[in-house]
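Trainee: Here the protein sequences line up with chains U and C, keeping their order.
In this text, residue positions in the first sequence follow our numbering: the first is 1, and each later residue adds one.
In this text, residue positions in the second sequence follow our numbering: the first is 1, and each later residue adds one.
Please note that a few of the clues may not be correct.
Said to hold, decoys possible - Distance condition first, Cα-Cα at most 30 Å in a straight line; then the derived DSS-like pairs of lysine-lysine: (1) C:125 <-> C:179; (2) U:238 <-> C:61; (3) U:129 <-> U:238; (4) U:187 <-> U:209; (5) U:339 <-> U:111; (6) C:179 <-> U:257; (7) U:148 <-> U:100; (8) U:339 <-> U:105; (9) C:61 <-> C:80; (10) C:21 <-> C:32; (11) C:196 <-> C:333; (12) U:200 <-> U:111; (13) C:196 <-> U:257; (14) U:238 <-> C:179; (15) U:257 <-> C:61.
Honestly, the hints are just simulated from the structure, not real lab data.
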Amino acid sequence: MKLNKISNLLLAAGMTLIASAAQAQSRDTIQIAGSSTVLPFSSVVAEEFGNNFAQFRTPVVGSGGSSGGLRQFCQGVGANTIDVANSSRKIRPNEVEACKANGVKEIIEVKIGYDGIVFASRVDAAVFKLEPQHVFLAQAAQVPQNGKMVANPYTRWNQIDKALPDQEILLAIPGSNHGTREVYEEKVVVPGCKTLAEVKALAKDDAGKFCTAMRTDGRVVEIAGDYTETLARLQAQKDAVGVFGLSFYEANRDRIKVATVSGVEPNLDTIISGEYPVSRPLYIYVKGAHIGVIPGLQEYALFHVSEGMSGFGSVLESAGLIPLADDERAEITQAIRQKASL
Amino acid sequence: MTIIAENPIKTVVHPSLVQQKVVASLSRRHRKEKLFRRTGLLAVLISLALVAVLFINIFSKGMPAFWQSAITLDIYFDPKIIKIPEKPQQQADESENDFRQRYLAWQTEVGFVNFNRLITDSLQKILPDATKHRRDLARVVTSGERFALRDMVVADPAIIGQTRTLHLLTDANIDVWLKGNIDRSLPDEQQQLSPKMRQWVDQLAADGVIQNRFSLALFMNPDSRSSLASAGLAGAFMGSFYMMLVVILLAVPMGVAAAIYLEEFAPRNKITDLVEVNINNLAAVPSIVFGLLGASVLIGWFNLPMSAPIVGGLVLSLMTLPTVIIATRSTLKAIPPSIRQAALGLGASKMQAIFHHVLPLAIPGILTGAILGVAQALGETAPLLLIGMKSFVASIPASPFEQASALPVQIYLWQGNELRNFFEARTSAAIIVLLMMMISLNGLAIWLRKKYEKRW
Chain U
1 MKLNKISNLL
11 LAAGMTLIAS
21 AAQAQSRDTI
31 QIAGSSTVLP
41 FSSVVAEEFG
51 NNFAQFRTPV
61 VGSGGSSGGL
71 RQFCQGVGAN
81 TIDVANSSRK
91 IRPNEVEACK
101 ANGVKEIIEV
111 KIGYDGIVFA
121 SRVDAAVFKL
131 EPQHVFLAQA
141 AQVPQNGKMV
151 ANPYTRWNQI
161 DKALPDQEIL
171 LAIPGSNHGT
181 REVYEEKVVV
191 PGCKTLAEVK
201 ALAKDDAGKF
211 CTAMRTDGRV
221 VEIAGDYTET
231 LARLQAQKDA
241 VGVFGLSFYE
251 ANRDRIKVAT
261 VSGVEPNLDT
271 IISGEYPVSR
281 PLYIYVKGAH
291 IGVIPGLQEY
301 ALFHVSEGMS
311 GFGSVLESAG
321 LIPLADDERA
331 EITQAIRQKA
341 SL
Chain C
1 MTIIAENPIK
11 TVVHPSLVQQ
21 KVVASLSRRH
31 RKEKLFRRTG
41 LLAVLISLAL
51 VAVLFINIFS
61 KGMPAFWQSA
71 ITLDIYFDPK
81 IIKIPEKPQQ
91 QADESENDFR
101 QRYLAWQTEV
111 GFVNFNRLIT
121 DSLQKILPDA
131 TKHRRDLARV
141 VTSGERFALR
151 DMVVADPAII
161 GQTRTLHLLT
171 DANIDVWLKG
181 NIDRSLPDEQ
191 QQLSPKMRQW
201 VDQLAADGVI
211 QNRFSLALFM
221 NPDSRSSLAS
231 AGLAGAFMGS
241 FYMMLVVILL
251 AVPMGVAAAI
261 YLEEFAPRNK
271 ITDLVEVNIN
281 NLAAVPSIVF
291 GLLGASVLIG
301 WFNLPMSAPI
311 VGGLVLSLMT
321 LPTVIIATRS
331 TLKAIPPSIR
341 QAALGLGASK
351 MQAIFHHVLP
361 LAIPGILTGA
371 ILGVAQALGE
381 TAPLLLIGMK
391 SFVASIPASP
401 FEQASALPVQ
411 IYLWQGNELR
421 NFFEARTSAA
431 IIVLLMMMIS
441 LNGLAIWLRK
451 KYEKRW
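If we strip away everything but chain C, and leave its shape as in the complex, we get (with noise of 0.2 Å):
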């Protein structure tokens, strides 16, 4: 009403009909539009307000994980315990292979070592009535540990005989008991520690011997299972980067090469068009076709080994590939005809009109499509699990070959594993690495459009 008021074509005089109708129709438009715009808004609130509950549901439950429970003890590498024979050094005259053998032959022997007893010898100086709790008195720290002390010895065996002091994370439950995520007053036989077990972790916890510290294990160790509180996400991050390699050498060049040829070289007719719909219908095929395709023909016929990223990031090259030419393709159909028209008429071919002309203006565009696509293939299950990466994996992979766990995959094998107290709280942290890298990968693609992008 107040814009009518407002309105200077009611004060004009004599209005024609036309603007009658024009007036009479205005507060209907506006209202319409007024609504129009609050509804849009409206989404644009709900779907914000979703996407942060998400998050403050992930981080709440996920930030703790980032640090974990570790108990800081004085390791006495005794030798009385530690006899193992002096490490092999390779002679003059022996090949590099029978080196290796002794090598791995003396490793071994270091490795049956009882570690467990450095350890709780060290936990009986400070838990007085130790002796008489030896189950409880060996769960103390988490069973991988012993591997971290035995490499120690490994790299360096002088260490025997020393005392050293070290940060060991504690078993897994104990973690949970800190933290508060198993209900305390649960009666005993609902609880995972015992009660004694439950005092000495308490009183350990206020003498400052156990403290909460920033977790490197989460980063730099693969996934563990004999020793849960030492499970990592370092096989999986690097089966992805595997992947993802192979995904930037392969589905990249081949991609931006076919959109070029598709754009500037191909003739109109209808294989082309063909090969368009085609592109368009591949981009829409869901993932998961891509990884029975995988299973059946890379694994099944060219006899790839499974679970190794090679395969994932062939299957990923696949899915990748059509989202990276529409990108390209439409990156090079915004590049203004003038530019072309002006290298040809200097006189250059078409090919080098489109390589050192074209192109080059084309590059931002390209590598904001190439980073997207590569950042949906970094999150994508599902076709990873038909072709053997749902697989536990306790090691870090050397090369695409070997068999390896990726981001994704981690998060869900993490959310099946049984010991939930523990891993409800891993699985959000996994989430949030993955969340990380997703975002730092789009805000470089959109950190190069900005700093490249030319407008026409």
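Pulled out of the complex, with its shape left as it was, chain U reads as follows (with noise of 0.2 Å):
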């Protein structure tokens, strides 16, 4: 008997859960995944808009790197898809395509701001003063010796550069599922590589293999989890030399230490007057289909770029992001208004 009427109150409540589920398929929370560069500033940005806003939910930030989101982001239309996709790196023409053919046709792409790539060591080693050079000298597969390609023989900094500490090569970069790892090789095994005369005598096609074909020794890690797992390398192995986000060395100045690139040091002044070389803007890309049906997508995008938000002085700005141009602001608000699609 009593047995009974337990399962039966178990029958209920199961039936409850069913029922409540097909409900449920309209959803009024924003979904965002992607970078884990940009999540920090995106989770801060949600939760000041679920705070502020009190006829919205606050939107739930994911991660799993700028591809993954975009991936995520492509899937379809629908409210089992995301709204919002985080990225360190422009979208690239072939996601956009896919997205297409997904049925995901208006793509609003929205730069929220800047961000440095910074060589970090442990605060304990040695000094750095790095050249896009020296960074693809020691990541390479192979290097120009004499006139001819030979597998990369550097073991030690000082080997590359006699102004380099005499400590061994270690080099931890992003994972390639990460939008840094992007902005990394563009911006300095790419450039660095390129200033090598046997490298401008290849033709253009190979030498762009070139210049990014990494080492297999394991001289250089690839990270594919965020910062920490980095900073864990760091603190493992002396002499490992790291690739952090600017904001995420700032969370941990007493831990790490910068090394300078062309001998200009990473900060908010060298970065936005553009003297730091490694530089890149950020983005999310906004879900056209779902602005109207999601409640609170658009307001969130504007929110995002709003002054108070993300301009000198703000919230993100003390967590690290640097400030978009006052021009730039107005032009990507404009655009967010009119949902203007890729």
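Hints given; two lone chains; assemble the complex.
Mentor: Below is the structure:
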């Protein structure tokens, strides 16, 4: 008897669960996924958004890297797909095509600010004054020597350049799922590679492949996780040099110190002025078809680029984001209002 | 040797050949046993030592995070700063929805008030040179506390014009500085706080204005990234709670029912053998596979929401199901057949025999299996990462369909937070909370077993 009652009760509860599952298909929470560089900024915006607008729910911010986020973004339109993809690089043409093939036709590109990429080593390690060429020579599979391409012979930094510390080469770079990796290659490795006379002589396609080919003897480690993983690598191996976002470095200045690149120290001023070469814009991509369906989506995008949220002296600036210029901000705000699609 | 000397066999006259053999091998066999016992003891000691190291490490890191520096301030709810219209009251002829809209609009308006000014004004009274360092002044109290002030006004606008003494959380970096989690001797450019701020904070701590207080925020707040000091476990806790609810409602009754059928009713043939083998296989499937299943089937086909405890609960139910089935079956097997035979002999049907006589005796065992299964599900992380629960969720879910995190995932997320000095301790504190829940669940299982256990 008693058992029957219990099982009836359980059955009823199960049925209600299933019944309410059918209801849950319309969603009122904005879903965001993507770059782990953008994640801290977007999370702050999401939280403030939820706290400032009583009528909207707090958006949910996931990670997964720029590529992962954009892939999820392009899966299609509907409540079970995400509304916003965070990306630390521009969307690629093939990704736009993939999106269109799945019915994601309106993609609103929103630039939210800039971020610097820094090379950092442990605080008790030697000081690095890097040039793009050094980084290329440290990570390349093959390097030119006496007019011939040979397997990378360098094992210590001072073999590359006498001015660099006498220290084992060990580079921790972001994995290919991260947008940071693309910027690292585009702004440091490739320019460094192209300074070499032997590379200039190569055909263009060959040069590209040659420049990004990585040595596989374990001196370059790809970190698939976030910057904490890179930091853990540095803590375990004193000689390691890691690639971080500027904001991560700022929060952990007591543990790591930055290297200068081409003689410029990375900070807010040198990145805004463009003196520091390794910086990149950060983007969020908004699904146009979801505006008006998911409550607060357009407002969220506008809030993200609002002066108070991401301008000078704002929360995001103190979190390490480099603000947009005023005219850029006006232009982007306009684009969101008009739902200007790519 | 002494064993042999004491052994009476040796003193007995004319031992036979067999006896001689036995006596000769005795010391070797005793030695072997001793060796085995010592190795066993050593293994136990080593594992205990490792557990001790783990616990000491986690507790020494995590315990300080349960107390957090808070500043005691007299906050004057200045009517010159808080200029808001009157709180809307529902009119007799107004619909529920209209009133809700009006109320939300009013709340939004209250949100536009600069509540930080209330805090900085109050700080200025105790910090003499405050006006020269406005940037630092705005950062003493963690930014999330302004919403606490707003919520006080929303709850009761009559507070405007009054003064309240409040304990507000300080910025995460102040907590780090006061706890000594950052090296105090580091030069300015490696410090997170400005020299002025450090001087203020030390002064306020010496005066007792900033004190280490038990951190309610850790238990009452959801996760936060804009105000790191107020990041808490409430959202993750509720997420885990809803998931466990789904597991208890789905996996336990289904598992028990399946086990009873298989054990008591199902015929023994090739099909039931196959089912049995597959249940055991299911128990051995790595949990991440269930996550993939959840992502593609539950979210992809059934359109269930992402990052929702309902999906996590369903996935974890699948994972727990074999555990419950196996535990229940072995409990049922252990009930002596005489109970069934006696019931059947008195004319009970098979169903009556099982439900009235066997099952009540099996309940403690079933409960133990179910609780251990739930405890295992509570700590599971991998499948949740694949169904979007790795997201940052800054709200406390009100139902299993709302986005949420889960306790083990929250540990993973905090482990990845960039402010290492603050979150290393916070992560360990979250681990302690999760461990305590596991230990109490396991304790409950042991208690139930001890209380209702019958020996045959």
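Trainee: All hints are to be evaluated individually against the structure, with a verdict given for each.
Mentor: Outcome of the hint check:
Of the pairs offered as hints, the one joining residue 125 of chain C and residue 179 of chain C holds, with about 26 Å between alpha carbons and a cut-off of 30 Å not exceeded. Between the alpha carbons of residue 238 of chain U and residue 61 of chain C the distance comes to roughly 23 Å, so the proposed pair stays at or under 30 Å and holds. Between the alpha carbons of residue 129 of chain U and residue 238 of chain U the distance comes to roughly 17 Å, so the proposed pair stays at or under 30 Å and holds. Between residue 187 of chain U and residue 209 of chain U the alpha-carbon distance is near 15 Å, which keeps this suggested pair within the 30 Å criterion.
Taking the CA atoms of residue 339 of chain U and residue 111 of chain U, the gap is about 14 Å. The hint holds against a cut of 30 Å. Distance hint between residue 179 of chain C and residue 257 of chain U is fulfilled; the C-alpha atoms sit about 23 Å from each other, no more than 30 Å. A threshold of 30 Å between alpha carbons decides the hint, and for residue 148 of chain U with residue 100 of chain U the separation of about 45 Å lies outside it, so the pair is violated. Pair hint residue 339 of chain U plus residue 105 of chain U holds up; C-alpha atoms about 12 Å apart against a cutoff of 30 Å.
Proposed proximity of residue 61 of chain C and residue 80 of chain C is contradicted: the alpha carbons are some 45 Å apart, above 30 Å. Annotation: proposed proximity of residue 21 of chain C to residue 32 of chain C holds, straight-line Cα distance about 17 Å (limit 30 Å). Note on residue 196 of chain C and residue 333 of chain C: the hinted pairing is violated, with a Cα-Cα distance of about 72 Å set against a maximum of 30 Å. Annotation: proposed proximity of residue 200 of chain U to residue 111 of chain U is violated, straight-line Cα distance about 34 Å (limit 30 Å).
As the CA atoms of residue 196 of chain C and residue 257 of chain U are separated by approximately 23 Å, the hinted pair is consistent with the 30 Å bound. At most 30 Å may separate the alpha-carbon atoms for a hinted pair to count; residue 238 of chain U and residue 179 of chain C meet this at roughly 26 Å. Simply put, residue 257 of chain U and residue 61 of chain C have alpha-carbon atoms about 25 Å apart, close enough for the 30 Å limit, and the pair holds.
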